[in-house]
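Asks: Residue numbers (the working numbering), protein chains in the order written: chain A, -14 to 203; chain Z, 635 to 680.
These aren't lab readings, by the way, just hints derived from the structure by calculation. C-beta atoms are modelled at their ideal positions from N, C-alpha and C, and glycine is treated no differently. A few of these clues could be false.
Only some residues are given here: those of chain A computed to face chain Z with a beta carbon under 8 angstroms [claimed, not checked]:
(1) R7
(2) I125
(3) T165
(4) R186
(5) K188
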Amino acid sequence: VVGVVWGLYFSPADWQQGETVRIMYVHVPFAWLASAGYFMLAVCSACALVWRHPLADLAAVEISPVGAAFTAVCLATGSLWGKPTWGTWWVWDARLTSVFVLLLLYCGHIALVRAFDNPVRGRRAGSILALVGVVNLPIIKFSVDWWNTLHQPASIGLTGSPTIAPSLLWPLLFTTIGFTLLFVAIVMTRVRAAIFENRLRGKLLARVSSQENTDPVG
Amino acid sequence: MTGTIYVNAAYVIAIGVTVISAVLANVRCGRAERRLAAADTQRDKR
């Protein structure tokens, strides 16, 4: 909330982009969470495939719809920034295309997990897809360096000082932390709900099987 | 002025999707918790 209010009302407008620079305060956190969410999905998928960890399996299934929603918002807000700044809603440049592929990977994961009659097989197929799709993450990150794209290169990196003014950087950090915490909270709530649903399904199955055992057949 | 429309639209989409996701997750969790509690109560009655 602090980051959003700061970005909307108190941070200065950019000398070149004007008011549209404020879109950055929501676009950048959603772009970061789109990639970070997929990384989390891949880690959970790896844990589920290698160690057959049931919680990792559940988390992988629950991360993908949230990640897909956040990737769609990233593309939508980027488009809303592109129209007044570039003069177009969409260009097929490397960064935009690779993020669009990320959205397709999320959607593919959601569909594949639910496409099998046997949920275990569905989740396993989804995990393999998630691990294969990880190759897209470095492509997203380095697309602006490897190819000549309309999208600008990164302004903030782990090494070197940021090339963005502090008056714009601080609200961006606040919105990034805030939306990251919200993403984690939403995923954790969904995982909690999935655990309750699994326990409920187990109880119902146990009740049905105990009734079948007590009722005489024929 | 035109820029403001794009900014407002971006914030409405971003905050709207986040809030809807959070509400849906909480509703689903609350419903599952209530159904589980009801199943436990039913079992205890027996």
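Asks: Any of the earlier hints contradicted here, and which numbers?
Replies: Violated hints: 2, 3, 4; rest satisfied.
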